[in-house]
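These protein sequences, in sequence, are chains S and P.
Count the first sequence with our numbering and you get residues 1355 to 2185, in order.
Count the second sequence with our numbering and you get residues 267 to 499, in order.
Check each hint, because a few of them may be wrong.
DSSO-like, lysine-lysine: derived pairs with alpha carbons at most 30 Å apart [said to hold, decoys possible]:
no., chain 1, residue 1, chain 2, residue 2
1, S, Lys1356, P, Lys392
2, P, Lys280, S, Lys1356
3, S, Lys2023, S, Lys2033
4, S, Lys1464, S, Lys1356
5, S, Lys1987, S, Lys1970
6, S, Lys1970, S, Lys1904
If you want the ones that stay clear, here's a sample from chain S, every Cβ over 10 Å from chain P, calculated [as the list claims (entries may be wrong)]:
no., residue
7, Glu1368
8, Glu1463
9, Ala1474
10, Val1560
11, Asp1639
12, Leu1643
13, Met1644
14, Gly1648
15, Ala1649
16, Phe1653
17, Leu1732
18, Ala1927
19, Arg2169
Worth flagging that the hints you see were computed from the coordinates, not collected in a lab.
C-beta atoms are modelled at their ideal positions from N, C-alpha and C, and glycine is treated no differently.
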Amino acid sequence: MKATLFALRSFGRELRSGEVLVLLAAVSLAVAALTAVGFLTDRIGKAVARQANEVLAADLRLRSQAPVPDEWREIAAEFDLQTADTMSFPSVVFHGDENALSTIKAVSEKYPLRGAVRIADELFGEQREVDDIPVPGEVWADGALLARVGAEVGDMLDIGELHLRVSAVLTYRPDQSIGFASLAPTVILNIADIGASGLIGEGSRVRYALLVAGDEDDVTSFNDAIRDKLPEEIRVRSQEESSERAYNAADRAQRFLSLTAVISLLLSAVAVAMSARRFAQRRMDTVALMKSLGATQGFVITVALVQLLLLGLLGVMAGSVVGYVAEEVLARILSDLLAGDLPGTGLRPVILASGSALVLLLGFALPSMIQLRNTPPLRVLRHDEMPPAPSRLLVGGLSLAAVALLLYRSVGDPRMLMIMIGGIVIISAALYAVGRGLVSVIGRARSGVGVAWRYGLANVSRRGRDSAVQVVAFGLGITVLLLLTLVRTDLLEGWRATLDEDAPNHFLINIQPHEVDAVAELFAENEVEVPIFTPLVRARMMTINGESVKERAYPNEEGEWLANREANLSWSANLSSSNEILDGEWWPAEYNGPPLVSIEEESAMNAGLAIGDRLKFFVAGREVDAEIASIRKVNWDSFQPNFFIVLSPGALDGMPTTFISSMRIAEEKQPMLIDLMRKHPSISVIDLGAILQQVRGIIEKASLAVQAVFLFTLAAGIAVLFAAVQSTIDERRFESAMLRALGARRRTVFAGVMAEFAALGAAAGVLASAGASILAAVVAVQLFDLPYEFNPLIWLAGVGAGIFVVCISGFFAARGAVNAAPVDVLRDAPA
Amino acid sequence: MLDQSVDKVLVAHKLSKEVSSPEGTLTILNDVSFNIVAGETVAVVGASGAGKSTLLALLAGLDLPTQGHVDLNGRNLSTLDEDGRALVRAESVGFVFQSFHLVPSLNALENVMLPLELAGHEQARKMARSIIEKVGLAERWSHYPAQLSGGEKQRVAIARAFATEPAVLFADEPTGNLDSRTGANIMELMFELNRSSSTTLILVTHDTSLAERCDRVLALDAGRLVSDSGVAS
Chain S
1355 MKATLFALRS FGRELRSGEV LVLLAAVSLA VAALTAVGFL TDRIGKAVAR QANEVLAADL
1415 RLRSQAPVPD EWREIAAEFD LQTADTMSFP SVVFHGDENA LSTIKAVSEK YPLRGAVRIA
1475 DELFGEQREV DDIPVPGEVW ADGALLARVG AEVGDMLDIG ELHLRVSAVL TYRPDQSIGF
1535 ASLAPTVILN IADIGASGLI GEGSRVRYAL LVAGDEDDVT SFNDAIRDKL PEEIRVRSQE
1595 ESSERAYNAA DRAQRFLSLT AVISLLLSAV AVAMSARRFA QRRMDTVALM KSLGATQGFV
1655 ITVALVQLLL LGLLGVMAGS VVGYVAEEVL ARILSDLLAG DLPGTGLRPV ILASGSALVL
1715 LLGFALPSMI QLRNTPPLRV LRHDEMPPAP SRLLVGGLSL AAVALLLYRS VGDPRMLMIM
1775 IGGIVIISAA LYAVGRGLVS VIGRARSGVG VAWRYGLANV SRRGRDSAVQ VVAFGLGITV
1835 LLLLTLVRTD LLEGWRATLD EDAPNHFLIN IQPHEVDAVA ELFAENEVEV PIFTPLVRAR
1895 MMTINGESVK ERAYPNEEGE WLANREANLS WSANLSSSNE ILDGEWWPAE YNGPPLVSIE
1955 EESAMNAGLA IGDRLKFFVA GREVDAEIAS IRKVNWDSFQ PNFFIVLSPG ALDGMPTTFI
2015 SSMRIAEEKQ PMLIDLMRKH PSISVIDLGA ILQQVRGIIE KASLAVQAVF LFTLAAGIAV
2075 LFAAVQSTID ERRFESAMLR ALGARRRTVF AGVMAEFAAL GAAAGVLASA GASILAAVVA
2135 VQLFDLPYEF NPLIWLAGVG AGIFVVCISG FFAARGAVNA APVDVLRDAP A
Chain P
267 MLDQSVDKVL VAHKLSKEVS SPEGTLTILN DVSFNIVAGE TVAVVGASGA GKSTLLALLA
327 GLDLPTQGHV DLNGRNLSTL DEDGRALVRA ESVGFVFQSF HLVPSLNALE NVMLPLELAG
387 HEQARKMARS IIEKVGLAER WSHYPAQLSG GEKQRVAIAR AFATEPAVLF ADEPTGNLDS
447 RTGANIMELM FELNRSSSTT LILVTHDTSL AERCDRVLAL DAGRLVSDSG VAS
């Protein structure tokens, strides 16, 4: 109690004296960075997840072949959730004599609950988002439909017994699918009109859906509450299942953000550890004095811990305010760029960042405090008496435990956690070993250099362990900064490349064999690159190795579904550029032997298929028996026509075949599609542009976030460098004063200090470059499934940055020490 | 519990101190024994490296002897752990150092309060005020060490040393960092406070004139006690 009171009372004095400001600044910066990163990742994570949810136009969708009973709507209301209804079915739409098959989508108020419908006032006109639905008596129709039936905005369309006016061109709806189920262009109309349409009756193929959205926790509770009660005919889908592609992008975005958060956290930890060490060193004399005056070890440690805690609280408060303000500013900048799309967050990131900062303080500052407790009181008489260094086991254990605890929270993925911690430990050990090596090399090298360099290199050598520790700190700081740069540029570029500007933006489906030449010609006439036409044959799988697909046991439900549904087969002589053979071999281009088949990796796994298995398909009354020759990995992000099952050339000859194709058509060339649709009314044109824009939007948001967060990481990195230089500043002041008292010119002393920093910076830079390259490769391949390309420039950047940053920080930090009047420093020695 | 030698406040019994160095084992103190009674003023003299500061550290329990033991106020310091020795110091020891050793973040008054607070005195502030007046710094109590002259710093240190009315006061070259005039004033103050509080004073010094003002002079040479001008009863 006495110690606590004493600590509280003397804390004010400590603050006033400015002695604790370095540590306070380090803690505040850690909290500010973590809070801002936390807020941003939270907000952007939500924005990204919400965008992924757009694919459902909701958070959850209950779907049925019959109207969804009111019961479920009422339960949703009990959970404070929003609901909307949709019905969709195929129907023929007439405009005068022209007609076309369409997907009729009847929607209620509030549709869509996630995302927004976009419309235009004319074909290929400027599109805009709307937040209402067509009024009764009006429809929004897909441009493809209008082109096919020769209608324009303002014309009347007949759907069943309804006579409806086209009030806009539908350019995008969030739940449009690029699957084959909804080939036909869409017409959106008000659900109130459906009753009079006469289209809903016995045997009509209507799909009813109840869309549900709301607070994340409420949606989860609702989902849990209804899951077991739902009748079999009602199926629930959540966002994860709804769009593999958008979800993948969202998932990657989250990983990028948490990686950035992890890096800020590590840098903060290093800064805290270094400034705590200085904090403890500066208090050693006071502790020795207090012990000589009768203070016990318990007293000393209690005072130190209470003050550390107070410091932590103060740092948390200051840091939270700074972090919150910074995040608000950043969010505003981002939200301008993102069309005001960032949802708000609660206080959670502040609480998490505060907890993290305290764990950080305990994990990284505690060893120094424990060392302080063992300060010998004899130090009052002999200034060189030092407490024994804290046990390595304690230091390593505490800091690793703290890092693991903190990382687990932000990474939430044990595999990534292991990779991160493994990388940190290996690089630290390597840096330390080379740091020690450098120290001994420099000890020998200094005889061959001028006086300034000799002084600087002698300093590196003399500070032995300290120099090595500084190399570790600098090296680690530069490693993570380089890693972030690599992740930000290389990985992001690699990722973007899968979705580059040349990615296809249109799909053509249902091209009859006799139309292929005419379509190709049309493309050529319009000076658009003629696309590749991929054959498609509808079939049903009958047996696997002679066993009926219905009776066979499958590893999972998806596999069973895959084997039993109607399958889309294709054949090809050459392997598509977006495919990669994982197992077995692709057939030679001229192959014309017995039918072979190549299966997509995940389908093979789900259905339990392996090389050599025999599949029998039933196609238009004939059977095709093929042997599995290879397993393929498919890059679905490529937006090229891809198939789970591809057969060898000749296997499907004579079967009813249609062709599909994907291509990029520049905006100004898009009116050619109207011509195409008029000439070939049976061909379906699917506009991928909107979907691509959605995916690209997610990527843009993620990279913007990473770049914004990068600023904080950079600040934390510089804090580490400053803390490292600061930790030797007292010694430097004294040495510089001594040298100058002995007649050294200020410039000589300065050159010596710079030589020391340059040597330290170069060593740290070399090691950081190596570490960052290895880590980036691991991260790219293991976590992001992207190919990694070695970048030699990173070595130049690493070493250059090492020397530059360490020298600059050193310049500012050591300037005062070198410039201080020798007489003041020497007289002022210990008070 | 005090033993029968009630007035022997400090007993050095066959003290030896050895340290290991790259050249082998160095003997800094060799078989030093003496007794000091309450209220005595004792000067410890000797050349640099004679072992004066080491002796002081052993007598105050800041360090432990390799052989022999020190009894301070009747307690064998070698039988106590570091915390036990700290408590003994809190109860009965004061220090004045050559380089003052003031806490830079505390002002003059707070520096004087420090040992009082450590000893758990309720009236620490009041007691510190009164002693800081006695050393002539009533007007400067709120100044920080950096704002004080060398003589003033040592006055604060002396006030701090006497604040707890210790049984034994150790002074390690208290005038070593001061000019002769200021040094003389400081010693005057110290002897005066010593008289008024009947503290035992043990003074390590190079200054023979200062040593002569003490009741007794212990001379060390190469770690051995070579002369003892007075004999403790």
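- Numbers of unmet hints, in rising order: 2, 4, 7, 11, 12, 13, 14, 15, 16, 17
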